[in-house]
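Asker: Here the protein sequences come in this chain order: A and B. Mapping the first sequence onto my numbering, position 455 (from 1) lands on 455, and the numbers just tick up by one. Mapping the second sequence onto my numbering, position 136 (from 1) lands on 136, and the numbers just tick up by one.
Partial pick of chain B residues on the chain A-facing surface, computed with a CB cut under 7 Å:
hint	residue
1	Thr178
2	Arg181
3	Ala185
4	Tyr187
5	Glu282
6	Ala285
7	Gly407
8	Gly415
9	Val434
10	Leu453
Derived by calculation from the structure, the hints in this document are not laboratory data. Just so you know, even glycine gets a beta-carbon here, dropped at the ideal spot from N, CA and C.
2 protein chains.
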Amino acid sequence: MTVQAALDELHLLLGDRLSRSKSELDQHATSETYFPPAPPDAVAFPQTTEEVSALMKICARAQCPVVGWGAGTSLEGQAQAFSGGVVVDFRLMNKVLAVSAEDMDVRVQPGLTREALNEELRATGLFFPVDPGANASLGGMAMTRASGTTAVRYGTMRDNVMGLEVVLADGRVIRTGTRARKSSAGYDLTALMVGSEGTLGLVTELTLRLRGQPEAITAAVCAFDAMSGAVETVIETIQMGIPMARIEFVDAAMVSIFNKVNGASLPEGPHLMVEFHGAQAEVRAQAESFGTIAKTHGAVGFDWATRPEDRTRLWDMRHRAHWSTLAHAPGKRALVTDICVPISRLAQAVEDTAADIAKSIVTGPILGHVGDGNFHAILLFDPSAAEELAAVKALSHRMVERALAMGGTATGEHGIGIGKTAYMQAEHGEGWQVMGTLKAALDPAGILNPGKLVPRRDLGL
Amino acid sequence: MTVQAALDELHLLLGDRLSRSKSELDQHATSETYFPPAPPDAVAFPQTTEEVSALMKICARAQCPVVGWGAGTSLEGQAQAFSGGVVVDFRLMNKVLAVSAEDMDVRVQPGLTREALNEELRATGLFFPVDPGANASLGGMAMTRASGTTAVRYGTMRDNVMGLEVVLADGRVIRTGTRARKSSAGYDLTALMVGSEGTLGLVTELTLRLRGQPEAITAAVCAFDAMSGAVETVIETIQMGIPMARIEFVDAAMVSIFNKVNGASLPEGPHLMVEFHGAQAEVRAQAESFGTIAKTHGAVGFDWATRPEDRTRLWDMRHRAHWSTLAHAPGKRALVTDICVPISRLAQAVEDTAADIAKSIVTGPILGHVGDGNFHAILLFDPSAAEELAAVKALSHRMVERALAMGGTATGEHGIGIGKTAYMQAEHGEGWQVMGTLKAALDPAGILNPGKLVPRRDLGL
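So that you can see chain A by itself, here it is in the shape it has in the complex (with noise of 0.2 Å):
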């Protein structure tokens, strides 16, 4: 069967739900990457786990590419169709399936956002706490393993994600993990999957880990003098055992955008941003016990939010740098660098990285989950210029080398997708190639969101 049969076929199964327009094409050519527009075949939007599958013995029978799609949100590249082929946008799959308070999970489907979740959720005293920033898919955020300024505390996708339903390559539908908080029946499928980006099955369901809001919270931020300062801080708060909820590192490039920015008025420096969650007496207690850490480290300007506005001031600000430096910046697109490194490595990471693009032609702030060892660089470029994409491309690489070199990875959170498959032999050494004899397994056609991730058998890699 040819791919043009295939979508005869599939508009058949669809109806007006798998769309050929070149606005809808377009629409999914490209997301928040660096990588040039890569329009697919067709878009399918379905409704049901059946349609999901029927679509997948189709697209098998052709071998017709399929690659997923949530919120466009991902950054190297996971939900473009290099190859062509079909996008299987997940957009009315977005429903609550089932809260279980008293079990503090729930069920949804893979085309809610976590902001939808935790708005439906605002009643019942719970949250989902995985927060990447952007309002990403809860499905998006599983295949790529997300996390952001909360993993610290409640950990990533990787923890959260109880169960999937997956739709498997040849059309088969599995249901992964169980109810229950732990088990040892077998292999681990669900965290097989979690961070699989797509190549080893469409995610249609999935079983999420609840947490009770807390009773109090209190942020802070805080100035210092020196980078080293901040992230002694870090390391000493960790090792204390002080249960953050968030702590943020962000340069005094970034203050210096979120001051012009988002009219913050903040002492141009590098910071930490906190937050504790707990009871009343727990989270006073935690505060007071960073603070002291802070001042011995040199911390100034301490400004306590505790009051709900402030916070949401404070976390919506953080979360807008990504566009707050470009808005800073306009013309400009921005590469994002994602290393993490054991967090004993991590101020030398972060000042050989600070070093490393103040010697550069191009500029970009460094912020991070440091309480995770996690920092990204927002690098800045005229897309025009062939030598500003080469200097931040460069500068990444660096980044990639020194984290490997430190015993690290070359994505925290952003997964790989096409933009860090490169690096993959450099990380994983024989266990990538594992990898591609997971993947030739559970997908021997290659039609699972083909290029991305796994060795390219096709150019013997």
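Guided by the hints, dock chain B onto chain A, whose structure is given.
Answerer: Structure of chain B alone, referenced to chain A:
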């Protein structure tokens, strides 16, 4: 090549560290299970990863089964060589390779036991939290996805293994994971290996996450009129977000054994045993909040253990529950069940199990890690009385069916081995076939721990 020829080659490789003595074979014929002994053809004692790799290449050529052995404490036959072949005993690979206090991680060999690790860590202020009771090897704990009393606070082996070195079925050596706290770089091979029971490879090194020894610890035991009060206390404590380090349920039968065998003087009835870790003030506040909740559900006779020696006595008694139960019933053996259910179904699951046991011809106490929804019945039987073995198997079968009907799992922490393969289809459906596909991709000849966990393709399963 024949198995005999492989053994000759292994003798050249390992010298005296390949044993075929009857006593060594007998010692490796059985672990803490109710299955009949199954002596291997030989026992190997490698000292290095290179030796394990060379051993595996020899066994691959001869299609000779290879079964890993840690401390022999597995409960479902995981370490027994039912198809013969070579048992690889890791007792000589038992070193701590590197402790990083700043990164709070440790690199160890698989034969090291958890107690030996914590002994070595004592001076660092750090500890490894996973505690399955038995002094298991860390390699074995990873392969079984073990957990135990502290999982409610610190997670299971899934959450505490950061990376592995694994020798694959063809002798290739891979390293999974990194020393960074999180990563989105490709398939989570660490999580795929953890819980794989030696069917995908032999673990030759582990990187484990450590925690800071808490500033303060307090433990307590309290009695309830009825089991339901104890379970309601657990649910409410979890929902309040009180971070228990341990919360264990023991039924009246278990308490009676503690009083008789361990010289305790607890009121005969169901009890909860709890522990809190944290800063002094936090622990005090948590203990008070728990006490208030417990009392509203009928708790009486609170006995607080704040001195280390009192806590040690309390948890030693809990850890020895299995042996005390056997000591109390001379001539009996035990089948230990291991279901895990959503917390909301826990009271029903325990009550139905207790009623089932009461109606049967056998006896056995119930106890469990109720903060996870995981509990065990230690079902006693006379090995010479076929009807008693049949009765305990029937009880175990009904417990598993009940757990699956409740959305739970056949095994919370003991694993599948050969003891629970019969439930894999019911628990995972088509997902079990996917496990078989992954196994076949990585071990096409099926030499790694044959007959365990995955479908028996030779039997058409």
